[in-house]
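Sequences listed follow chains A and B, in order. Throughout the first sequence, residue numbering follows the working numbering, covering 43 to 344 in sequence. Throughout the second sequence, residue numbering follows the working numbering, covering 1016 to 1481 in sequence.
Check before you lean on any hint, since a few could be wrong.
[Unchecked claim] Keeping only pairs whose Cα atoms sit at most 27 angstroms apart, straight-line, the calculated BS3-like set for lysine-lysine is: (1) B/1288 x A/328; (2) A/48 x B/1451; (3) B/1133 x A/248; (4) A/245 x B/1288; (5) A/186 x B/1040; (6) A/317 x B/1410; (7) B/1203 x A/66; (8) A/74 x B/1420; (9) A/193 x B/1420; (10) A/66 x B/1454; (11) B/1420 x A/227; (12) A/44 x B/1040; (13) B/1420 x A/44; (14) A/253 x B/1133; (15) B/1209 x A/44; (16) A/318 x B/1410; (17) B/1451 x A/223; (18) A/197 x B/1420; (19) B/1195 x A/45; (20) A/45 x B/1420; (21) B/1451 x A/45; (22) A/66 x A/197; (23) B/1454 x A/48; (24) A/48 x B/1203; (25) A/197 x B/1040; (26) B/1209 x A/48; (27) B/1454 x A/44; (28) B/1158 x A/45; (29) A/45 x B/1133; (30) B/1203 x A/44; (31) B/1410 x A/191.
[Stated by the list, open to error] Derived coverage of chain B by chain A (criterion: at least 3 residues anywhere in the stretch with Cβ under 8 angstroms from a Cβ of chain A; other residues may be distant): (32) 1198-1206; (33) 1239-1251; (34) 1463-1470.
[To be verified] Per label pair, the in silico range of CB-to-CB distance: (35) A/43 x B/1276: 15 to 23 angstroms; (36) A/140 x B/1450: 51 to 59 angstroms; (37) B/1333 x A/311: 51 to 59 angstroms; (38) A/286 x B/1060: 46 to 54 angstroms; (39) B/1198 x A/256: 50 to 58 angstroms; (40) A/117 x B/1024: 20 to 28 angstroms.
For the record, the hints were derived by calculation from the structure and aren't laboratory data. Here a beta-carbon is modelled for each residue, glycine too, at the ideal position from N, C-alpha and C.
Here are the chains, one letter per residue:
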Amino acid sequence: MKKYFKIIIISFFILALCDYLIGKGLNFYYLKNTSGLLYRTTYSLDSTKADILIFGSSRANHHYNVKIIEDSTNLSAYNTGSDGHYIFYQTAVLKSVLKRYTPKKIILDFNGTFEFSQQDYDALSCLLPYYRTHNELKDLIELKSPFEKYKLFSKIYPFNSLLTTIIIGNLEINKFRSVNKGAYKGFVPLTNTWEYNINIIDKPEKYNIDKHKYNAFNDFIKLCNEKNIPLTIIYSPVYFKYNKDYSIDICSEICRKNNVTFLDYSKDTDFLNNKKLFADTYHLNKSGAQLFTQKILQFIKH
Amino acid sequence: MLFNSFNYLLFFPVVCVIYYLIPNKFRWVFLLLASYFFYMNWEPIYAILIFLSTFITYLCAFKLDKVKDIKVRKVLLIASIILNFGILFLFKYYNFLTDSLFNFLNYFNIRVRFPEFKLLLPVGISFYTFQAVGYSIDVYYNKLKHENNFGKYALFVSFFPQLVAGPIERATNLLPQFSKEIVFNYAKAIEGTKLIIWGYFMKVVVADRLSIYVDSVYNNINMHNSPTLIIATIFFAFQIYCDFGGYSNIAIGCAKILGFDLMTNFCRPYFAKNCPDFWHRWHISLSTWFKDYVYIPLGGNRVSKKQKYLNLIITFLVSGLWHGANWTFVIWGGLNGIFQVVYSIFKPFRIKLSNRFTNLIQIISTFILIDFTWIFFRANNSADAIKVIQNIFTKHGPLFFGDNKVFIYGFIGLIILIIKDIYDECSFTLTFENNKIIKYTWYATLTILILMIGVFDGGQFIYFQF
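Working from the sequences, and respecting the hints, build out all of it.
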């Protein structure tokens, strides 16, 4: 048995060494990214000093045209929206931002539901590379699992499945590609057009509220209120009809209680009657984003 | 507790250390406690079911051992089978049966509402039920003496490495091992560790990565065209192999470290040259269970050809139903049964050619047939499965790539898997294969790849649902 343990211990140390060296290398190149999703996360957390910040998921990322906002407000803006990342991510980014400076205006694109979804917790993986360097994120990251701090003894683990994204993010070609697509300060327009007819979707009448999500949403509002940052929460257009949405009801109720402006564009007929403004049922395309951003400008200006 | 969870990575080493520290005579008690702890991590209340199944089969076998009267013995066996399968039926098949009956009667405008049971399917119920029932049948046929020690028998039913997804062990193989003195075996432990690493690689690098693509396609089949559906179906073939094969490897590996030998469950199934060969390599513990306890009691090969073909179809239909309470699984089983029958009919007319080219053709054609059946296995319902087949033949267009990571990491995993399977299948002997440095480098690389490109979020083992 001694021999077996010896082998296991030696293997463990060799693996730990490899893990350390590879992890350090991955971290180096991760932070060296000059474009792409990972770069945008790092930039949002560590660098942006924009006056107007837009928060949200892919819908924020593709719906809020930063150029239009900057041109009409004469203020700098940045879109921190990130695909597949909801309220935990948004609150995490806000916490990091507020450690550095106070933006003049914040827009939160509400795209969520307060229902439990494992995917939302899994999506916290994108914050793992910042666990050791950003103390303010630890509480949120540990929502992923109680073992997260132990898993993070591994230096590779935070970069799990990120190898290709890190490589691509370090290539200049990616930067050019983003610019050619019309990407600007976090905003990434979608170019395709939705072809199918509108559907009616059944939304759950009621569900059990995930307290972590609910708290994170409230924390987001609280952080803005504490710093006196004007906050507008928006439900941007969708290409489907629904009778009632429990999540929107909760969101609107929280906003009412906290005196936060809530704008619901999900039933705006300018969008519902024009499928050419959409890339898919949840995302506006470039033209849709342009129209939508112009529509909300009056609220941003105020 | 999932094998690919952090909890298990803590649980197993702790169990191993305590297991080898305590005296031999108490080890089975400790393993029994550990096994129940392992199972109760999912839903503590369902431990009652596994205990009930254990108690029923133990009691019946105890009586079978004492009674000589054939009629009474038969009654005892039937009672054991009915009670065990009754529990399984209630949890797994009741709603399926009532829904099917409702739909059938509704077709004739007869509306009958059956009471509904909204119960969560207990993890691994099909596995431990079959293992326990197999024991009763073995005792009935005097293949095995009844185990007097209830605790050791309870351990046989609940042994944690194979409790929730097999291999479905035979009492003749596993039960006697609990009574033997276990001495730590270095070679076995190393072999077990290698199997565990390879099992994790199959599961988190290959299966879970491919499942991202497969799920995105099969959950939106109307949106996808022929090339996409073909690729997704091929990916699913490897996903399910790596998912279940990976689980089996981890189970066998863990058991080996503890000093136990479990039966081989997968033997490079996609190298099968025909459908019967595939079933000799795929889920071997279940295939042999059905052969021994369903096919042979039905008459097996010792009946007329027509009866034999019918027996084959019945066995595979039951096997399909075992996999899930859904018509898709029944069709999947039926198709596999038909392939077996067709092979048996044409076997005498087969021209025996055996060279590399014909072998390759046989392997590819078997893979295509088996992969075709996987469409029914994976589709969310029968209508979806038909739609997949329709779209494969009619809807042309460009391949959907989705997240490029799936293809890049998935292919890295698949290439390593295929190379290893070819190496094992062809029994190559490489000059450096006994070189320790190369061996350790290979397993260290696998571990690093698991950390770098494995999927750690979500990903239950597919076979848990059975």
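Hey, residue 317 of chain A versus residue 1410 of chain B, does the alpha-carbon distance stay inside 27 angstroms? Holds, at roughly 24 angstroms.
Check the hint pairing residue 197 of chain A with residue 1040 of chain B against an upper bound of 27 angstroms on the C-alpha distance. Judged against 27 angstroms, a Cα distance of about 42 angstroms means the pair is violated.
Given the hint that residue 1203 of chain B pairs with residue 44 of chain A, does the C-alpha gap stay at or below 27 angstroms? Holds. Residue 1203 of chain B to residue 44 of chain A sits at ~14 angstroms (cutoff 27 angstroms).
Regarding the pair residue 1420 of chain B and residue 227 of chain A, is the alpha-carbon distance no greater than 27 angstroms? 25 angstroms, holds
With the threshold set at 27 angstroms, check whether the alpha-carbon distance from residue 45 of chain A to residue 1420 of chain B stays at or below it. Violated, because 40 angstroms separates the two Cα atoms, which is more than 27 angstroms.
Do the alpha carbons of residue 66 of chain A and residue 197 of chain A lie within 27 angstroms of each other, as the hint requires? It holds: about 7 angstroms lies between the C-alpha atoms, which stays within 27 angstroms.
Return holds or violated for the Cβ distance of residue 286 of chain A and residue 1060 of chain B against the range 46 to 54 angstroms. 36 angstroms, violated
Using the beta carbons of residue 140 of chain A and residue 1450 of chain B, state whether their distance is inside 51 to 59 angstroms or not. This hint holds: roughly 57 angstroms between Cβ atoms.
Verify the proposed pairing of residue 44 of chain A with residue 1040 of chain B, using a straight-line Cα cut of 27 angstroms. Distance ~22 angstroms between residue 44 of chain A and residue 1040 of chain B Cα, so the pair holds.
Decide if the proposed pair is consistent with the structure: residue 318 of chain A and residue 1410 of chain B, CA atoms, cutoff 27 angstroms inclusive. 24 angstroms, holds
Please verify whether residue 48 of chain A and residue 1203 of chain B have alpha carbons no more than 27 angstroms apart. Cα-Cα ~15 angstroms, so holds.
Would you mind confirming whether the straight-line C-alpha gap from residue 197 of chain A to residue 1420 of chain B stays at or under 27 angstroms? Roughly 21 angstroms separates the two Cα atoms, so the pair holds.
Checked against the numbered hints given earlier, the structure breaks hints 1, 4, 5, 7, 13, 17, 20, 25, 28, 29, 31, 33, 38, 40 and satisfies all the rest.
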